Amino acid sequence: MNRTLGWLVILGLVAGLVMGFVVAPRDAAQGNVQRIMYVHVPSVLVAYLAFAVVLIASIVYLTTRREAADRIGHASAEVGVLFTGITIASGAIWGKPTWGTWWTWDARLTSVAVLFVMYLGYLLVRGMVDDRERAARYSAVVGIVAALDVPLVHFSVYWWRTLHQPPTMLKPGPSTMPGVFAATLLVNLAALALVYVFLVMKRVRLLRREEEALA
Amino acid sequence: MIYARRAWIVLWKDALAERRSKEALNALFFFTLLLLFIFQFTLGGDRERVSDALPGLLWLGFVLSGLVGLGRAFLTERDHDCWEGLLLSPGDKSAIYLGKLAGNLLLMLLVETIMLVLFGVFFKLDVGRHLPALAGVVVLGTVGFAAVGTLFAAMTAQVRARELLFPVLLLPVLVPVLLGSVKATEAVLAGEGLTAVTHWLKLLAAADAVYVAVGVLTFDAILEG
Numbered sequence: 365m366n367r368t369l370g371w372l373v374i375l376g377l378v379a380g381l382v383m384g385f386v387v388a389p390r391d392a393a394q395g396n397v398q399r400i401m402y403v404h405v406p407s408v409l410v411a412y413l414a415f416a417v418v419l420i421a422s423i424v425y426l427t428t429r430r431e432a433a434d435r436i437g438h439a440s441a442e443v444g445v446l447f448t449g450i451t452i453a454s455g456a457i458w459g460k461p462t463w464g465t466w467w468t469w470d471a472r473l474t475s476v477a478v479l480f481v482m483y484l485g486y487l488l489v490r491g492m493v494d495d496r497e498r499a500a501r502y503s504a505v506v507g508i509v510a511a512l513d514v515p516l517v518h519f520s521v522y523w524w525r526t527l528h529q530p531p532t533m534l535k536p537g538p539s540t541m542p543g544v545f546a547a548t549l550l551v552n553l554a555a556l557a558l559v560y561v562f563l564v565m566k567r568v569r570l571l572r573r574e575e576e577a578l579a
Numbered sequence: 390m391i392y393a394r395r396a397w398i399v400l401w402k403d404a405l406a407e408r409r410s411k412e413a414l415n416a417l418f419f420f421t422l423l424l425l426f427i428f429q430f431t432l433g434g435d436r437e438r439v440s441d442a443l444p445g446l447l448w449l450g451f452v453l454s455g456l457v458g459l460g461r462a463f464l465t466e467r468d469h470d471c472w473e474g475l476l477l478s479p480g481d482k483s484a485i486y487l488g489k490l491a492g493n494l495l496l497m498l499l500v501e502t503i504m505l506v507l508f509g510v511f512f513k514l515d516v517g518r519h520l521p522a523l524a525g526v527v528v529l530g531t532v533g534f535a536a537v538g539t540l541f542a543a544m545t546a547q548v549r550a551r552e553l554l555f556p557v558l559l560l561p562v563l564v565p566v567l568l569g570s571v572k573a574t575e576a577v578l579a580g581e582g583l584t585a586v587t588h589w590l591k592l593l594a595a596a597d598a599v600y601v602a603v604g605v606l607t608f609d610a611i612l613e614g
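Protein chains in written order, with my numbering: chain A, 365 to 579; chain B, 390 to 614.
The shape of chain A in the complex, shown without the other chains (with noise of 0.2 Å):
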């Protein structure tokens, strides 16, 4: 199951590349840089289901205390802050070239960042509490303040007006991008969607061993 999800991985990462740097053209206004589109915006939606996830994780354990899902609500914070990550240094690199600068305090930057740090807090909990059973719920605790910021983050930092582009996918009526940059873009965003869980299943079975270590 494991090996299969692996090969699964690589064969998305590969697909996902092909489509965006042979099958999808150059954009005709921003050139060979847009390409970098194929991993930011896969990889911010990824971060947002993993906090979802966390989310949902900790309102489990909450409610139930079951081991399990604080390990994946850990598993999923964490590889949503590597998203996250992922998403700030690709809008840098494309943002150096196309707005000229790496970072501005543009709306949607700057709840990423607020996002970002939170979670690197959520994190901090489970580093600086030593009992494993109060780290777990009060991480969980944490994991519910920060996804029920989201939208007041959202909304109170969109309210300062934006530079970025409007969102081209996630809006209503129907979708201006042409058909195949929205190809290649759902691609990626299977792949990296693929290498979220794939890593997520992977730290759930260390995180349980390292326990098992430590029993």
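Calculated from the structure, these hints are not laboratory results.
Please read these numbers as outputs of a predicted model, since none were measured by experiment.
Mixed in with the good hints, there may be bad ones.
Just so you have them, the derived chain A footprint on chain B, three or more residues with Cβ under 8 Å [claimed, not checked]:
no., stretch
1, 434-445
2, 586-592
3, 596-609
Computed far set for chain A versus chain B, every beta-carbon distance over 10 Å [claimed, not checked]:
no., residue
4, Arg367
5, Ala379
6, Leu381
7, Pro389
8, Ala393
9, Ala547
10, Phe562
11, Glu574
Glycine is no exception: its CB is placed at the ideal position from the N, C-alpha and C atoms.
Fit chain B to the known structure of chain A by using the hints.
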């Protein structure tokens, strides 16, 4: 009814302890005074620059004194071994949270009042002219601030690196409250009134409701120790 009484008893206990020791209030008063000095020294004497930054400075002051004041909310319980007492108290534990929150809110609002007066004296902030609107914004922002602060203070009370973990957890979560409060304060001080910033006020109210609700629902899990 009994629930409200439980919350009230926690508040009364904290208020009484504070009235007798005056530990937090004295220190916080001194701290706010020092903050004003720091603001003045770091920004220099330029009146224009200071008055432009006034709403931000005001909330910076609130946040910094809040980090100091709220962080110690559960330290008496920890230091005097009363944590078990809280745990053993009968009934819904969220009443303890609400009592603590009310106490923290009271403390914060007192400190903020003092700071507003000091800002009036030192930075020529015209508090009197904007008082009702300003008070509304301050209360709305402080409720959210204190609600998460109380929850995280209970959480970090038992942790080794409490002084570090508390602000690191609290500050990112508070971004919406901070943005809303500063923007609303800006509008009030500019004389635009609250009608120009109703969206921010709604956001603050939503944040307050969310934070208090989460605190009530999850406090039980934190109190376990």
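Evaluated hints:
Under a criterion of three residues with beta carbons nearer than 8 Å to beta carbons of chain A, the stated coverage of the stretch 434-445 of chain B fails, only 0 such residues being counted. With 3 residues carrying a beta carbon less than 8 Å from a beta carbon of chain A, the stretch 586-592 of chain B meets the three-residue requirement, and the given coverage holds. Chain A is given as covering the stretch 596-609 of chain B, and this holds because 5 residues of the stretch bring a CB closer than 8 Å to a CB of that chain, at least three being needed. A:Arg367, annotated as away from the interface, keeps every beta carbon of chain B farther than 10 Å; the closest lies near 38 Å.
The claim that A:Ala379 is not at the interface with chain B holds, since no C-beta of that chain comes within 10 Å of its own (minimum 36 Å). No beta-carbon of chain B comes within 10 Å of the beta-carbon of A:Leu381; the shortest separation is about 34 Å. In this structure A:Pro389 is separated from chain B by more than 10 Å, as the shortest Cβ-Cβ distance comes to about 40 Å. For A:Ala393, the condition that its CB be more than 10 Å from all CB atoms of chain B holds, with the nearest at approximately 33 Å.
Residue placement check: A:Ala547 keeps its beta carbon more than 10 Å from all beta carbons of chain B (closest about 36 Å). Annotated as non-interface, A:Phe562 keeps its C-beta farther than 10 Å from every C-beta of chain B; the closest such distance is 28 Å. Every beta carbon of chain B lies more than 10 Å from that of A:Glu574, the smallest distance being close to 21 Å; the non-interface claim holds.
Figure legend: structure checked against the earlier numbered hints; the only hint not met is number 1.
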